[in-house]
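J.: Spelled out, the chains give:
Number of protein chains: 2
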Amino acid sequence: MGNEQGITPRAEDFSAWYNDVIMRAELADHSPVRGCMVIRPHGYAIWELMQGALDDRFKQTGHKNAYFPLFIPQSFLAKEAEHVEGFAPQTAVVTQGGGKELEEPLVVRPTSETIIYAMLAKWIQSYRDLPVLLNQWANIVRWEMRTRLFLRTTEFLWQEGHTAHATQQEAEEETQLILRLYRSFMEEWMALPVLTGVKTESEKFAGAVRTYACEGLMQDNKSLQTGTSHYLGQNFAKAFDTQYQTQNGELEYVWSTSWGVSTRLVGGLIMAHSDDVGLVCPPRLAPVQVVIVPIWKSDAERDTVLAVARGMLEQLREAGLRVELDDREGMKPGAKYYEWEGRGVPVRLEVGPRDVKREQAMLARRTGGKTPVPGSGLRRAGEAGRARWPQELLTAALARREENSLRGVTKEQLVELMNGRGGFAYGGYCGDEACEEAIKQETKATIRVLPDEEFRTDPGPSECVWCGKKAVTEAVWARAY
Amino acid sequence: MGNEQGITPRAEDFSAWYNDVIMRAELADHSPVRGCMVIRPHGYAIWELMQGALDDRFKQTGHKNAYFPLFIPQSFLAKEAEHVEGFAPQTAVVTQGGGKELEEPLVVRPTSETIIYAMLAKWIQSYRDLPVLLNQWANIVRWEMRTRLFLRTTEFLWQEGHTAHATQQEAEEETQLILRLYRSFMEEWMALPVLTGVKTESEKFAGAVRTYACEGLMQDNKSLQTGTSHYLGQNFAKAFDTQYQTQNGELEYVWSTSWGVSTRLVGGLIMAHSDDVGLVCPPRLAPVQVVIVPIWKSDAERDTVLAVARGMLEQLREAGLRVELDDREGMKPGAKYYEWEGRGVPVRLEVGPRDVKREQAMLARRTGGKTPVPGSGLRRAGEAGRARWPQELLTAALARREENSLRGVTKEQLVELMNGRGGFAYGGYCGDEACEEAIKQETKATIRVLPDEEFRTDPGPSECVWCGKKAVTEAVWARAY
Chain A
12 MGNEQGITPR AEDFSAWYND VIMRAELADH SPVRGCMVIR PHGYAIWELM
62 QGALDDRFKQ TGHKNAYFPL FIPQSFLAKE AEHVEGFAPQ TAVVTQGGGK
112 ELEEPLVVRP TSETIIYAML AKWIQSYRDL PVLLNQWANI VRWEMRTRLF
162 LRTTEFLWQE GHTAHATQQE AEEETQLILR LYRSFMEEWM ALPVLTGVKT
212 ESEKFAGAVR TYACEGLMQD NKSLQTGTSH YLGQNFAKAF DTQYQTQNGE
262 LEYVWSTSWG VSTRLVGGLI MAHSDDVGLV CPPRLAPVQV VIVPIWKSDA
312 ERDTVLAVAR GMLEQLREAG LRVELDDREG MKPGAKYYEW EGRGVPVRLE
362 VGPRDVKREQ AMLARRTGGK TPVPGSGLRR AGEAGRARWP QELLTAALAR
412 REENSLRGVT KEQLVELMNG RGGFAYGGYC GDEACEEAIK QETKATIRVL
462 PDEEFRTDPG PSECVWCGKK AVTEAVWARA Y
Chain B
12 MGNEQGITPR AEDFSAWYND VIMRAELADH SPVRGCMVIR PHGYAIWELM
62 QGALDDRFKQ TGHKNAYFPL FIPQSFLAKE AEHVEGFAPQ TAVVTQGGGK
112 ELEEPLVVRP TSETIIYAML AKWIQSYRDL PVLLNQWANI VRWEMRTRLF
162 LRTTEFLWQE GHTAHATQQE AEEETQLILR LYRSFMEEWM ALPVLTGVKT
212 ESEKFAGAVR TYACEGLMQD NKSLQTGTSH YLGQNFAKAF DTQYQTQNGE
262 LEYVWSTSWG VSTRLVGGLI MAHSDDVGLV CPPRLAPVQV VIVPIWKSDA
312 ERDTVLAVAR GMLEQLREAG LRVELDDREG MKPGAKYYEW EGRGVPVRLE
362 VGPRDVKREQ AMLARRTGGK TPVPGSGLRR AGEAGRARWP QELLTAALAR
412 REENSLRGVT KEQLVELMNG RGGFAYGGYC GDEACEEAIK QETKATIRVL
462 PDEEFRTDPG PSECVWCGKK AVTEAVWARA Y
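Here the protein sequences come in this chain order: A and B.
Residues in the first sequence are numbered consecutively from 12, following my numbering.
Residues in the second sequence are numbered consecutively from 12, following my numbering.
No lab work stands behind these hints: they were computed from the structure.
Be careful, since some hints might not be right.
Stated by the list, open to error - Below, a list of computed lysine to aspartate or glutamate pairs in the DMTMM-like style, where the Cα atoms sit at most 25 Å apart: (1) B:75 x B:199; (2) B:249 x B:199; (3) B:70 x A:340; (4) A:75 x B:314; (5) A:343 x B:329; (6) B:215 x B:394; (7) A:75 x B:140; (8) B:133 x B:155; (9) B:75 x A:329; (10) B:233 x B:329; (11) A:70 x B:67; (12) A:90 x A:67; (13) B:70 x A:352; (14) A:111 x A:67; (15) A:70 x B:155; (16) A:70 x B:444; (17) B:75 x B:155; (18) A:308 x A:329; (19) B:70 x A:474.
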């Protein structure tokens, strides 16, 4: 299932490059079903590694997985006014089941708040039943007009957390806890630095009181929303009459949150680090971390080299690394290098007859550099590499973001930047949606977030970048996926 | 979220008992969506443990996970004649998307052969691309008229393996490999002994050449089909033109298999072991393996007891066990015992002031028996328990199956058994579908499998149990879920 076509350079056409990287690495493919993709084994393995890391963090913070129905009665969606307005136009609707027309059409879930709150109303009686900390790994359907592999597809995979609390404060703390959890996962596992903050009204989740988000800057200087954490207040509790009895015997609505990340993260991973040769994958998320390529000419060489290569395979697997030995016959080493580089394997070990004699292997890193390593020190080298590499990619991504962030922008700079090289533009915002909308019309840029304290400029801007009136907050603009 | 209602005894009403066990253990709940259930955290945790164990085995045998679309164009389903005949009446159909009528309705996948073969046709070029060994964890929809939690629901979760091979022999070996893999998982993890064999034509998968199955005997003496492995021959390859170039340069259709187990396994687990107190769960699949219940009256006692209990918690977690400390206030120990017993926790440790003085804990097993264990020996006791318990449940289930299996049945015995106490009835079968159908009409029993060699009676039956003509094979009858 090789794929021999070349990769369009990033500088030439970023969007074509993105697709080429996915095809070359066999991460995903277009399906015959409109807007739906197939996640191929190499892409799915990255998603599984992401799932594992996130799931551990969710469980460590007390969340439990559950599973709610794929179908939601149309009337449920309508119970929360903003929610139905936001999602109804995007739904896929089942109207026939078992050969008959359904009395009430079923919506394929675009998100699960409504069905979950209908159940919570049944399960939650008193303060003793709170908090409820749930998570669900599931597929989601949102009818999309223009789709892109991983970034925007009609069906996608995600996790959706849903929590209910006795107090407003607890719910707000949960929203923040998850935002931090997402951020540390993205930095430590994806080597992707993300900006966090709150969304403006026009960009928040339909039905939320406030939406917090993580935003990562891609190599084309567009921003990707990589995760969201919503504080829902009592909106869904009221719509579904989810009440609990307080310690004083009174009835109160629960306070709730929801939050999610999706297979879109795989798209973010690709666009953050990859190059014109193919995928670059942080080692923690690499399905294959090391590939061993044996080199031989004669049959005698083959036997000797393969025996040594198998020993290395064993040694590295014992060190806890995900290793493959590429012993395919009738394929030149160069062709193998090309294939594994395209697939983003962080380290390649080449072993030929001369290396066997010198008791070494040549270690080639995906991001550049080739050095001999002694065969006996492989395990140690592997372990040291594991510790070092994620930091290098993160440092590079952080430097790229800093180079492409401009603080205290003027109106002219904002327009020039957003219509030009892109990046993050920090400036003052008066809070008037008219300014937000005007900037969007002029530049296609949106407010990605009102940044969290640690990202804010000090001192903050005093005037709105657009109308010049008093700024009520700082905002970060970017063109976005 | 406690549930205080009693459990109907098995002997009185098995079906009501089954539902009561699920409700008491909070494994699942009915949803407001017709035929769909909610899998609650305790039930989902069992499914996750099953998934983990199966996924390891799939990967160890070279299979890779992938993900294919939820929606299948109606025309795809129609390409394999038997397949569409079997599945079309059961489908849920999406006719609207994004507010518009669709040109071609989309079926919500009842199984994924058709969409997968459409992709394989694109990916497979030559013998070098084979075998393709895929697995998918996904949700499935089959419109069901009468549903039961876990056993038969409109939506369920499953894994579906799909493999393509260069030769018939390889595909047949794969079918057998998976059948053995399923059986060993069911025995070692679920403590559920299963009968394996091939299905008759009338019971096979729509589109398969042959279907192999695992069948487990439940406590009501009905059989549950717990897993199937299908040899598909070239049926789907021909329907989707999935060809490969052989080493000689000729074009040949691939040979394929598919296989699956579902959340139905959780239902099987419940019906195999549980009792009138609630769930009995084999320790390997128990989300909580040990619960520690501290007992105190005064505040001073509380502090001492809790300190010791926390030490035990630590010790047992270090031993790799899943342990909870139930330190809820204002709840009597007896009420806690009742709750954890209902949830199927294999071991309870009670620690009161007297136990603290004696440096011990009382160990109560879910399946009976109470003994003091020294606090210092807890870790060792835990490890020993882990090794021993699954075997005990399996031995009991095996003995129950043997007691309820009758070999070499006559026509009269078959009718009496199947209309009476149930169980497995082994007898001769002439191979004529008319006999199979007549027995079904008379007794509601079906041929579960033509048993694999190791399960066959020696010497085998010579006459058909129904018509008395020459038997071509031995068959096992049972009433089934």
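J.: Of the hints stated earlier, which fail here?
T.: 2, 4, 5, 6, 7, 8, 10, 12, 14, 15, 16, 17, 18 and 19
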